[in-house]
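Given chain X, work out where chain C should sit, using these hints.
Here is how the chains run, residue by residue.
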Amino acid sequence: MDLFAQERDRLLRTTTRFLGIACTVLSAVSLSFPGVATARIGPVPQLAVILPFAALMVVFLIMVGRSVRILWVVLGLAAGLAAGAAALLPDGFDGNGPLATAVIPFVGGGVASFALVLHSSRRRVALAAVAAVLVLAEVVLGTREVLSVQLAAVLLGWVLVFVAGFWIGNSVPRAARRIYSIGNAHRAERQASETEAQRRQGARLLHDTVLATLTLLAHSGVGVTSDALRAQAAEDARLLRHLRLGSTPQPQASGDYNLDTVEESPLGQTLESVKQRFGRMGLEVSWHGTGQVLLPTNVLDAFLLALAECLENVRRHAGVTEAHVTIIHDETMVRAMVTDAGVGFDLTGISEERLGFKESVVNRLREVGGGARLFSAPGAGTTVVLEAPR
Amino acid sequence: MSIDENTLGVPRHRRAARGLPTSSTGARSLRQAQAAGATLGTGYLGMGAAAVAAVQAVYGLIFFLVHLSSYPVAAPAIIAWLVYLAAFIGVVALVAIQGERLTGTVMIALSAALAVVVVLDFVAIWPLHNVGTYATASVSVGFGLLPLVTLRPAREVILATVVLFLLFVAAIVLTTPLTARTFPGQIAALGLACLPPSIAVYAVQRFRHMVQIELDRVLVQSNVTQPRFAVGMLASDELARLDLAAEKLLDGVATGEVPLPLEPQVASTAASLATELRLHLIEGRRETWLYHAVTESEYLGRAVKLADPSSLAGLLTPEQRDGLLQAVWLLLGDRRTRAAGTSVTLTLGPIGTSIQSMAGRSVEVPIDITSTGIRRNRVTPATWNALQRMGDYSTSTHQGSLRLAIRCIVENPADA
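Taken in order, these protein sequences are the chains called X and C.
Sequential numbering from 1 applies to the first sequence in the UniProt record's numbering.
Sequential numbering from 1 applies to the second sequence in the UniProt record's numbering.
This is chain X alone, in the form it adopts within the complex (with noise of 0.2 Å):
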């Protein structure tokens, strides 16, 4: 609200600016008109004393335009008052004639421009009605008339400014009520989409098992029966459906998924979802040594992610329908070995990338402090060793 207070303010610092002067030059065009202001202010032509200050109180509202100052206000309304009374207060002038219609947009509009910023507080209300009175009190006795037109537009022109400066100040908080309305459901919003994607994201496990079949279906679903990955797709479909019904999904036939936030989970268990996926597709994993060993979450999940991306290539590349994982484990590490009988290949002739093995399985073990090493020749199979932080 601060903030925005300032703007208010410094809009109508630059509309009175805005106002004032155009209102100053459209009288000094007239007054220059030839034969408009005839009287002589002692030896000095009045022209030559308005003007000057006229201009006096246009850089006053070019500083009322860039400060905050009240003084400029003041200091503006004084050279506009002066200007006037030289104007309309010179002896020998006619009364009603054009020179008071010359100074109307000048006092109506130029010296009450600053009635624009003068509605905040009693004080401002306070000066900008002697400043008011002031000025009519110059148009009554340069036209020698309590009631003229000229009055008449040049309280028009005050009453104007004032509700437009009122109006526009009171604008403002009704629009920041609504702007911080906004802003409270913005922020609430923010909340919520945040604590979802976080619930989503969190779904690693699921996602991973997702994108493996997804990435069978990219490949036609060729290489597993069709039933299979009919059974595949069901069961990933029913866990995002779960999932977008707000549900954290407990998957059943796929096995113990843990996707609770506990800290530690077991990779047994999960190992064994890993294997049964993987027999659908057709490809027999057999595993060996340590069954239970605690991980942190995101290491387990790390690791699983890299496992099964290791076991996903044996089944597409490797042209074998088993594959072996021996995992073991020691104070400070856990290592698992992905070994298969397939063709294996040259690792001078295909590079990391291409196996997409540096992205899910490097990568990803990076993160969480582990590594993973590939061994591979043609002919002679392939072994992936992959490590992980306990």
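The reader is advised that the hints may include incorrect statements.
[Claimed, not checked] So the derived list for chain C, only partly shown, Cβ under 7 Å to chain X, looks like this:
(1) 102
(2) 185
(3) 191
(4) 195
(5) 206
(6) 230
(7) 253
(8) 270
(9) 273
(10) 274
These are computed hints drawn from the structure, not numbers from a lab.
What you are looking at is a predicted structure, and each value in this text was computed from that prediction instead of being measured.
For every residue, glycine included, the Cβ atom is placed at its ideal position computed from N, Cα and C.
Only chain C this time, still in chain X's reference frame:
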């Protein structure tokens, strides 16, 4: 079930320019605020403009009735006033019934009516050979444009004002001999007719601009309370969309509606879906609130460059974040019309060692703010206050532009 091709691979809806999902409240509010003739907060302004116009109309009408005896033929002027009042009341009634909007057709009809008013008024005062002194309804037309400023795009009102100005100039030149007695009256009438709509257009444009900036600021402000890393407003929307598309596809496969083996087209859809899903699961993890704030904001996004390789912004407390955001905002926003070259570069880190950090409880995050096109003496006190809330700072000047070094003390993340 059929595969909705549009939902897969190709983004279904256009993303809002500033990175908000198009369906979000924020994006909706922004669209509303940016639309031509937007109504956020301007409705009340429009009422004020109508009040001003009404006051002037009463004044003009009284003036007209007082001078009625001078008119050789008063009928056209009377008709002009009746048409003007009818148009004015019509617009007010329409807005009261329909809400704050005015269709193009109505605007054209209204402009035609106002043109008729001006012409009839001029016809009536033609024999008097002094347009400036006797013009009444035609001057009020200028004020009549005021309420339209909040209802229609600025260019239409400007066009109408220009036409009004030209009509006045033409009438004055054709009818009125310019002498010292008549000249000031002509200028006064011209100013009275054309200045109000011009100033109203200026003020309302500024007002809209102001509301937009404030809205942007308020929306970005919601980043302050975010956790250290956040995915941003877009991620969840997109992820939900991808999940739904995958669910539909898998469901189709499961129920047999999508035959196996898949057609090449569907297969490639599945591939692109998998790729997008993978990207979305990776992205957004290492992005801080500050990154989101800068990318989501139209005003910061254009002028702020952020270098935060270690994601240190996430360590700042909400108070410090608020201070940083406000300081940057004020540095950039201080200039009403921001110069093209004005920009700010924020560099966070590397974490330094200081006495406080030796104790291990807290670390010092140095923030370096380099600016171009911001002179030190133009920085407002509010900016210094905002900087104070972040920590100790020192200022220097580099190539005529402000440079700030702030030392933010934050809790050590290793302790937390």
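Exercise for the section: Have a go at the residue 253 (chain C) hint: is there a Cβ in chain X nearer than 7 Å to its own Cβ? Expected result: This hint holds: residue 253 (chain C) lies near chain X, its Cβ roughly 4 Å from the closest one there, short of 7 Å.
Exercise for the section: So, residue 206 (chain C) near chain X? Judge it on the closest CB pair being under 7 Å. Expected result: Interface hint status for residue 206 (chain C): holds (5 Å vs cutoff 7 Å).
Problem - Restraint outcome when residue 274 (chain C) is required to lie within 7 Å of chain X by C-beta distance - result: It holds, given that the least Cβ distance between residue 274 (chain C) and chain X is near 4 Å, below 7 Å.
Handout entry: Given hint residue 270 (chain C) near chain X, where the shortest CB pair must fall under 7 Å
Key = 4 Å, holds
Practice task
Could you check if residue 230 (chain C) really has its C-beta closer than 7 Å to a C-beta on chain X?
Solution key: 6 Å, holds
Handout entry: Given hint residue 273 (chain C) near chain X, where the shortest CB pair must fall under 7 Å
Key = 6 Å, holds
Handout entry: Supplied contact hint for residue 102 (chain C), tested at 7 Å Cβ to chain X
Key = 19 Å, violated
Handout entry: Restraint check, 7 Å cut-off on beta carbons, for residue 191 (chain C) near chain X
Key = Holds - the Cβ of residue 191 (chain C) comes within 7 Å of chain X, reaching about 4 Å at its closest.
Problem - chain X contact restraint for residue 185 (chain C) - C-beta distance below 7 Å - result: Result: holds, 5 Å to nearest chain X Cβ.
Practice task
Under 7 Å, Cβ to Cβ, is where residue 195 (chain C) needs to be relative to chain X, so tell me if that hint holds or is violated.
Solution key: 6 Å, holds
Of the numbered hints stated above, the single one contradicted by the structure is hint 1.
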